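**Student:** Heads up: the sequence lines are chains W and U, in that order.
Counting in the numbering used here, the first sequence runs from 95 upward without gaps.
Counting in the numbering used here, the second sequence runs from 447 upward without gaps.
Certain hints may be false.
In silico PhoX-like cross-links for lysine-lysine, where the CA-CA straight-line distance does not exceed 20 Å [to be verified]:
#, chain 1, residue 1, chain 2, residue 2
1, W, Lys207, W, Lys291
2, U, Lys789, U, Lys771
3, W, Lys207, U, Lys815
4, U, Lys815, W, Lys213
5, U, Lys562, W, Lys222
6, W, Lys259, W, Lys290
7, W, Lys207, W, Lys301
8, W, Lys322, W, Lys301
9, W, Lys213, W, Lys259
These aren't lab readings, by the way, just hints derived from the structure by calculation.
These numbers were taken from a predicted model, which means no experiment stands behind them.
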Amino acid sequence: MIEKQVTMRIWRGNAEGGAFTEYVVPLAEGMVVLDVMFAIQATQAQDLALRWNCKAGKCGSCSAEINGNPRLMCMTRMDTFEPGETITVTPMKTFPLIKDLVTDVSFNYEVAKTMPAFKPKAPDADGKRRMYQEDIDRVQEFHKCIECFLCQNVCHVIRDHEENKRNFAGPRFFVRLAALEMHPLDVNDRRELIRKKAGLGFCNITKCCTEVCPEDIHITDNAIIPLKERVVSDHYDPVLKLWRTITRRKTERPEA
Amino acid sequence: MSEDEEMYEHHAYDVIVIGAGGAGLRAAIESSARGARTALICKSLLGKAHTVMAEGGVAAALGNVWPEDNWQVHFRDTMRGGKMLNNWRMAQIHAQEAPDRVLELEEWGALFDRTKDGLILQRDFAGHRYARLAHVGDRTGLEMIRTLQNNAVHKGIDVFMECTVQRLLKDGERICGALAYWRETGRFVLFKSKAVVLATGGVGKCWKITSNSWEYTGDGHTLALEAGADLIDMECVQFHPTGMVWPPSVRGILVTEGVRGDGGILTNTENRRFMFDYITEYFKAETADNEAEADAWYTDHRNNRRPPELLPRDEVARSINSEVKAGRGTEHGGVYLDIASRKPADYIKKRLPSMYHQFKELAGVDITKEPMEVGPTCHYIMGGVRVEADTAATAVPGLFAAGEVAGGMHGSNRLGGNSLSDLLVFGRRAGLAAADYANAFEGTLTIDTQAVEETARWILEPFERSEGENPYAIHADLQECMQNLVGIIRTEDELKEALVEIEVLRERAGRTSVIGNRQYNPGWHLAMDLDSMLTVSEAVTRAAIERKESRGGHTREDYPSTDPALGRVNIVVRRADGGITITQDPLPQMPDDLRKLFEESS
Chain W
95 MIEKQVTMRI WRGNAEGGAF TEYVVPLAEG MVVLDVMFAI QATQAQDLAL
145 RWNCKAGKCG SCSAEINGNP RLMCMTRMDT FEPGETITVT PMKTFPLIKD
195 LVTDVSFNYE VAKTMPAFKP KAPDADGKRR MYQEDIDRVQ EFHKCIECFL
245 CQNVCHVIRD HEENKRNFAG PRFFVRLAAL EMHPLDVNDR RELIRKKAGL
295 GFCNITKCCT EVCPEDIHIT DNAIIPLKER VVSDHYDPVL KLWRTITRRK
345 TERPEA
Chain U
447 MSEDEEMYEH HAYDVIVIGA GGAGLRAAIE SSARGARTAL ICKSLLGKAH
497 TVMAEGGVAA ALGNVWPEDN WQVHFRDTMR GGKMLNNWRM AQIHAQEAPD
547 RVLELEEWGA LFDRTKDGLI LQRDFAGHRY ARLAHVGDRT GLEMIRTLQN
597 NAVHKGIDVF MECTVQRLLK DGERICGALA YWRETGRFVL FKSKAVVLAT
647 GGVGKCWKIT SNSWEYTGDG HTLALEAGAD LIDMECVQFH PTGMVWPPSV
697 RGILVTEGVR GDGGILTNTE NRRFMFDYIT EYFKAETADN EAEADAWYTD
747 HRNNRRPPEL LPRDEVARSI NSEVKAGRGT EHGGVYLDIA SRKPADYIKK
797 RLPSMYHQFK ELAGVDITKE PMEVGPTCHY IMGGVRVEAD TAATAVPGLF
847 AAGEVAGGMH GSNRLGGNSL SDLLVFGRRA GLAAADYANA FEGTLTIDTQ
897 AVEETARWIL EPFERSEGEN PYAIHADLQE CMQNLVGIIR TEDELKEALV
947 EIEVLRERAG RTSVIGNRQY NPGWHLAMDL DSMLTVSEAV TRAAIERKES
997 RGGHTREDYP STDPALGRVN IVVRRADGGI TITQDPLPQM PDDLRKLFEE
1047 SS
């Protein structure tokens, strides 16, 4: 029996330049793209740079573009490709290349620093904090984010316009802001930030981010659109604004 | 620029924390809050540490589901789960402080699943008398690490991501810093620091079948040993009973104990719930001996005993191993873990979403319709750096350790859920003590440049050799050796054979050569990590030879029972004369008021 094998076409290089290199790798049952990468490292290219940790879709380290599709390498099974198909793996395009499949994702960590902290309201009279499951289901969906940054990678606001990175936080952080805004205990007010510095207005809801999310977070429908509604209605409703200034309370939460 | 400045990037801090999982993050937050200038150094990107993979929950006697739960019960469960080898004081502090640490996470924005009256919901886990694990579905670790990460971001902590520490530096007896390299550039980083907190996690990458990531190479254990600290209980390695077994590429990936906590059962190919056949004397009084009682326990803990599927991990892993050996395992060498026939699909998807996803995507198995195939996987090391219970201080002034890298807390076997709480409780205490130590320190620290240069030279050696050994091949051989000879069931002959092999592998590791340059070069990084993996492998093997009994995670086929005399000692590993020495030290003595908790009927 002829052993099954696959040809991988992998981007090798760094900021100074690079090229595709082809590797032929034997296949075993159930392999994912990351397994093939390990095989290449072990036998053909010790210095092939990539990131990984959990190998089970939980840490969001091994993001790459596989045949042009932004995916986690650990969750992409080899048997989803046509037999004999050459598989092309490239680094995420939106972030500056470090080496091979490793990119400089520090942009995301810089944006994270600008997210105002969670600020809880006072506990109940008995010192406990009560929240009901139906009130946190939506926010728990946002907390599923594994920070693979694939949504940031496909968002055309920054993918094609490097200069926008200064004024645009990106889908991952809209999810984070939505999680903070909809948290039943949080009392911080981030509306100005969302509207101005985070640049929510740049998003024209093409849903590319939602499509690539390996955690199936409905980024556009559940995070971005409700944030847009909230910011816009706050901004243009002087009565509501006055009322809020007086009572210093946040908006009523939209129904989950 | 002088030659030194070209070669080394310099930084000075009061406290450096090595490792950015739950323990490291919590330590850094505390250290920074005490006013110490704090740096956090991690091998991966921030937020990707092993904590992110923890699934089932964090154990804390909040008493939200069972009001009769309290720290004494948690303490007792922990000690019995560890077969009384635990450092009693650590187990006590842990049980007492875990609830505050969990509530503190809520204060920082974490959203645990809720009870009907709006409090933190708690789930059943093996070895815990009451439903005790605060959780978020089966992704509790993610919630925990992200909450800590988001909190730490605002604390003025400097984070060094993708930076590997290769050596701790001392001025006389005291810690004074560390030598590291940036993974991105390969450039050296020289940290001057009054105190160091080790929070580097475990050692699982020494084994072939493991739930652990590439980072788990025993760095902290080795750094501590080389710096002069003691390691204890290194023979106590936890093989989690339920890892995935099929297909081969996913072998070892964790299947949360929550599956059993939420009603899942283990069966063999004869369709028998075999755990009823493995109830040991030690747990007989508290374990159901028939299916009716076991099933009734899920809704009525007061009038029924717990199902044997929820015996501690060491017991269940050994049982699965025996079933497979007896020929009642699946064709892939596992047993069945079945929740499909026990719970409705909606319940399974709500409680175990990531297990559902993981099996569907990676194995093509729908766990709401079919059983899972599972088998033991190397998951955790109970052993680690010997620390003072209250301060997490090691024997080396200025060196602290918390989380998996520290030993003592879990004895010979850790209960599920006790790890996340351990990280929080002792991460905080280590950060606090390290900051206080640094703040009180007066005097100057001088870095031993000779030691730095020596290590730097050694780090670069693989580039100077050609036609040397492939680090990946050595790693694969080490994993094979530890899997086959220092696995779940051990014998003196095999352990001694392992020592011989480790020696051969060490020689080979001294001849590695790597291709490429210093920029983000995983082959080179692995060549470095091999050194710590070989050191901990030897420590585990030597300690395993010394403990001539079976206890918790350490099972000797040639000494199948517990030995009361050995139950009163830690096996201590020390560095001396270039080699490893083994001694037996008496366990700290538990005071009488706590001892009484074990005299009552279970």
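**Student:** Each of the hints needs a verdict: does it hold here or not?
**Tutor:** Results of checking the hints against the structure:
Proximity of Lys207 of chain W to Lys291 of chain W is assessed by CA-CA distance (about 13 Å); at most 20 Å being required, the pair is judged to hold. In summary, the hint linking Lys789 of chain U to Lys771 of chain U is not supported, as the alpha carbons are separated by about 30 Å, beyond the 20 Å threshold. Of the supplied pair hints, the one linking Lys207 of chain W and Lys815 of chain U is violated, its CA atoms being roughly 44 Å apart against a limit of 20 Å. Of the pairs offered as hints, the one joining Lys815 of chain U and Lys213 of chain W is violated, with about 43 Å between alpha carbons and a cut-off of 20 Å exceeded.
Pair hint Lys562 of chain U plus Lys222 of chain W holds up; C-alpha atoms about 14 Å apart against a cutoff of 20 Å. Restraint check for Lys259 of chain W and Lys290 of chain W: satisfied, since their Cα atoms lie roughly 13 Å apart, inside the 20 Å limit. The hinted pair formed by Lys207 of chain W and Lys301 of chain W fails the criterion: a straight-line CA distance of about 25 Å is larger than 20 Å. Between Lys322 of chain W and Lys301 of chain W, the direct Cα distance comes to roughly 14 Å. Compliance with the 20 Å bound is thereby established for this hinted pair.
For a cut-off of 20 Å, the pair hint linking Lys213 of chain W to Lys259 of chain W is broken: about 27 Å separates their Cα positions.
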